[in-house]
Amino acid sequence: MIQLSYLDYSAVEGKSFLHRFSPQAKLAGMGLILLGITLLRTVPPLFVLYVILLLLFFLSRVPIKILPLTFYPLIFAVLFIFISRFQIHFILLVFLKVLCGSTGVVLLLATTPYPSIFSFLGKFLPSLFVVALFLTYRSVFILLDVLEETQHALYFRGGIQWRRPWRSLINLSNAFGHLIIKGIDASEKMYESMVLRGFENRIHFRGD
Amino acid sequence: MSHIHLPDGVLPVWLWIAGFIGAFLVGAILLRFFKREDFPRRLPLLGMMAAVMVLGASVEIVPIAYHVNLTVISGILLGPSLIFLATFVVNVILALFGHGGITVIGLNTLTLSLEGVLGYLLFHLFWRILKKLTLATFVATFVALFVSTVSMIGVVSLGTSHYEELMHQEEGGGVFEFKLLKEKGDLQKKEGAEKEVNLKRFIWILLPLSFLGWLLEAVITSLIVRYIHRLRPDLLRLGGKPS
Chain G
-14 MIQLSYLDYS AVEGKSFLHR FSPQAKLAGM GLILLGITLL RTVPPLFVLY
36 VILLLLFFLS RVPIKILPLT FYPLIFAVLF IFISRFQIHF ILLVFLKVLC
86 GSTGVVLLLA TTPYPSIFSF LGKFLPSLFV VALFLTYRSV FILLDVLEET
136 QHALYFRGGI QWRRPWRSLI NLSNAFGHLI IKGIDASEKM YESMVLRGFE
186 NRIHFRGD
Chain X
396 MSHIHLPDGV LPVWLWIAGF IGAFLVGAIL LRFFKREDFP RRLPLLGMMA
446 AVMVLGASVE IVPIAYHVNL TVISGILLGP SLIFLATFVV NVILALFGHG
496 GITVIGLNTL TLSLEGVLGY LLFHLFWRIL KKLTLATFVA TFVALFVSTV
546 SMIGVVSLGT SHYEELMHQE EGGGVFEFKL LKEKGDLQKK EGAEKEVNLK
596 RFIWILLPLS FLGWLLEAVI TSLIVRYIHR LRPDLLRLGG KPS
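If you read the protein sequences in the order shown, they are chains G and X.
Numbering of the first sequence is given in the numbering used here, commencing with residue -14 and proceeding in unit increments.
Numbering of the second sequence is given in the numbering used here, commencing with residue 396 and proceeding in unit increments.
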């Protein structure tokens, strides 16, 4: 989740041809990728799609640090190997579908600022949902700052040690509890600021 | 574990479309119970709790392929109507990081919100019966996680025929397959059995791992609730003193 700031930085500061594309075009592209993932049922075309996405990833000069994020969903995909009685074709199919989907969305997020994505979603979803999406995204950054402080506090209280599992669980839970309380305090302040700035159940984007 | 970590294109189209329709209907019903005028005031809290859930989901316990959802604690703090909206938002953001497919957002919202709503209801029920905060939270979280995992398995099993179709797409798919059987009939029989979906094995592997996850998350949620009760008991909206 720490890579979130890299994604945001890459989306806003990137200057590649993919960054210059309109958000609508990129979202349409993502739609096509999804269509491909849903309809393609053999390995070779999915492999070609994955290679194209990887090429786009490198051509758009997205920081390489972000690439491991696309492999993360494979941890869970491993569970689905057991459904197939270890059929190589099915495993490759599922893994390629996972990789195409995750590379597609990470590429989208790394080349498109999130307000553009959420404002586009606002055309289909009720404004309430879009406001909730904005606030959540903003809150993730607020909580990441709190998390950094909490990590220091956790370290001074012994942190997480495998030799002392119960103490570690208590420390971890207290850290989450601290994060929640700090988050709730921050949300109250955020609401006051929003009301002061004239918030009326809708967030306006640049270009609205 | 109740989060369906399936990529796009693995579940049949009718199933994920039904997931979106179901999520829309359940959302419409649950949001009717919430006062419209309270929404703006509660939205920042919803955003913050959804962010906590997103952060929780990013802490991966690799050996058991588990991450804490923190849906029950969010359900307790937000209530049943807002937790639905929060789980939807969490699933959209997680899908944008490739954590679960975009097409399964509807189904994931249904299973995760079931966990949150059930967690909220059971927490208040057990609190009234047991009057012990930590125990009430532990049992409520454990049961809610169990039910939502079973519902997730149910969803995955609904797609069985579709997985079989996918497996039959490429005959001779087993690259490292050694065919030692001489009789053609035996060979066909064996191939047929090999290409059947083995849901039982999936469940037998998933349940013990999930059990560890339920225990872990139930303990963590209980300790979080205890911590919150010490500092901000008003957030839990409880009547009576806990032991």
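You may find that some hints are simply not true.
In the BS3-like style, the derived pairs of lysine-lysine whose C-alpha atoms are separated by at most 27 Å in a straight line are [what the hints assert, rightly or not]:
no., chain 1, residue 1, chain 2, residue 2
1, G, Lys108, G, Lys50
2, G, Lys11, G, Lys0
3, G, Lys0, G, Lys50
4, X, Lys527, G, Lys174
5, G, Lys167, X, Lys527
6, X, Lys595, G, Lys167
7, G, Lys167, G, Lys11
8, X, Lys527, G, Lys108
None of these hints come from the bench; they were simulated from the model.
**Request:** Provide an ascending list of the numbers of those earlier hints which the structure does not satisfy.
**Result:** 1, 4, 6, 7 and 8
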